[in-house]
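S.K.: Given next are the chains, with one letter for each unit.
There are 2 protein chains.
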Amino acid sequence: MAKPSPKHAGDQVLVDLGLAIRKARLAMKLSQEALAVDAGLDRSYMGGIERGEHNVTAINILKIATALGIKPSKLLLDSGY
Amino acid sequence: MAKPSPKHAGDQVLVDLGLAIRKARLAMKLSQEALAVDAGLDRSYMGGIERGEHNVTAINILKIATALGIKPSKLLLDSGY
Numbered sequence: 001m002a003k004p005s006p007k008h009a010g011d012q013v014l015v016d017l018g019l020a021i022r023k024a025r026l027a028m029k030l031s032q033e034a035l036a037v038d039a040g041l042d043r044s045y046m047g048g049i050e051r052g053e054h055n056v057t058a059i060n061i062l063k064i065a066t067a068l069g070i071k072p073s074k075l076l077l078d079s080g081y
Numbered sequence: 001m002a003k004p005s006p007k008h009a010g011d012q013v014l015v016d017l018g019l020a021i022r023k024a025r026l027a028m029k030l031s032q033e034a035l036a037v038d039a040g041l042d043r044s045y046m047g048g049i050e051r052g053e054h055n056v057t058a059i060n061i062l063k064i065a066t067a068l069g070i071k072p073s074k075l076l077l078d079s080g081y
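Chains as they are written, first to last, in full-length UniProt numbering: chain A, 1 to 81; chain B, 1 to 81.
None of these hints come from the bench; they were simulated from the model. It is possible that part of the hints are untrue.
Some chain B residues close to chain A (C-beta under 8 Å, calculated; not the full set) [unchecked claim]:
| no. | residue |
| --- | --- |
| 1 | Asn55 |
| 2 | Thr57 |
| 3 | Ala58 |
| 4 | Ile70 |
Just so we're clear, the structure is a prediction, and the values are computed from it rather than from any experiment. In this text, a Cβ means the ideal position worked out from N, Cα and C, and glycines have one as well.
Build the full structure now, drawing on both the sequences and the hints.
M.R.: Structure below.
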């Protein structure tokens with residue numbers, strides 16, 4: 001189980017980004033497991049990202065957005081940023 | 001001097017993001033030092049980000065974009081993503 005980023009877990013931008021990822025994943029009827037595999041990320045880390053527990057990096061934002069079939073800039077826009 | 005992310009330094013998305021940050025900073029006639037101060041980041045870390053040496057996190061992307069007066073999604077779009 002990936003430990004949450006102690007310093008940043010729950011930071012608003014991370015929570016909003018996690019919700020946007022979740023929303024896009026559900027719209028594609030993908031399980032968290034399937035998205036994690038497609039993005040090349042650990043499943044439990046992926047769960048933590050959706051809960052806003054991890055300060056996601058640019059490279060992982062690109063991996064997740066690519067797996068969701070959307071541009072990283074769209075994912076941030078959908079997050080409200 | 002902030003050490004480059006050994007694993008990701010030079011990754012294309014980081015290089016492109018760094019170039020977009022630099023371009024936006026120069027358009028605002030800001031020094032690297034001034035942008036670092038405004039974004040609340042270490043100056044040498046900021047230099048490394050512009051050179052594509054650091055796998056920038058979501059929170060730091062937000063800090064930098066806010067300091068540049070643009071939305072994080074616009075910064076990613078300007079980076080080509």
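S.K.: So, for every hint listed, does it hold in this structure?
M.R.: Here is how each hint holds up against the structure:
1. Asn55: Status holds, d = 4 Å.
2. Thr57: holds, 4 Å
3. Ala58: holds, 5 Å
4. Ile70: violated, 11 Å
Hint 4 alone, counting from the list given before, is not met by this structure.
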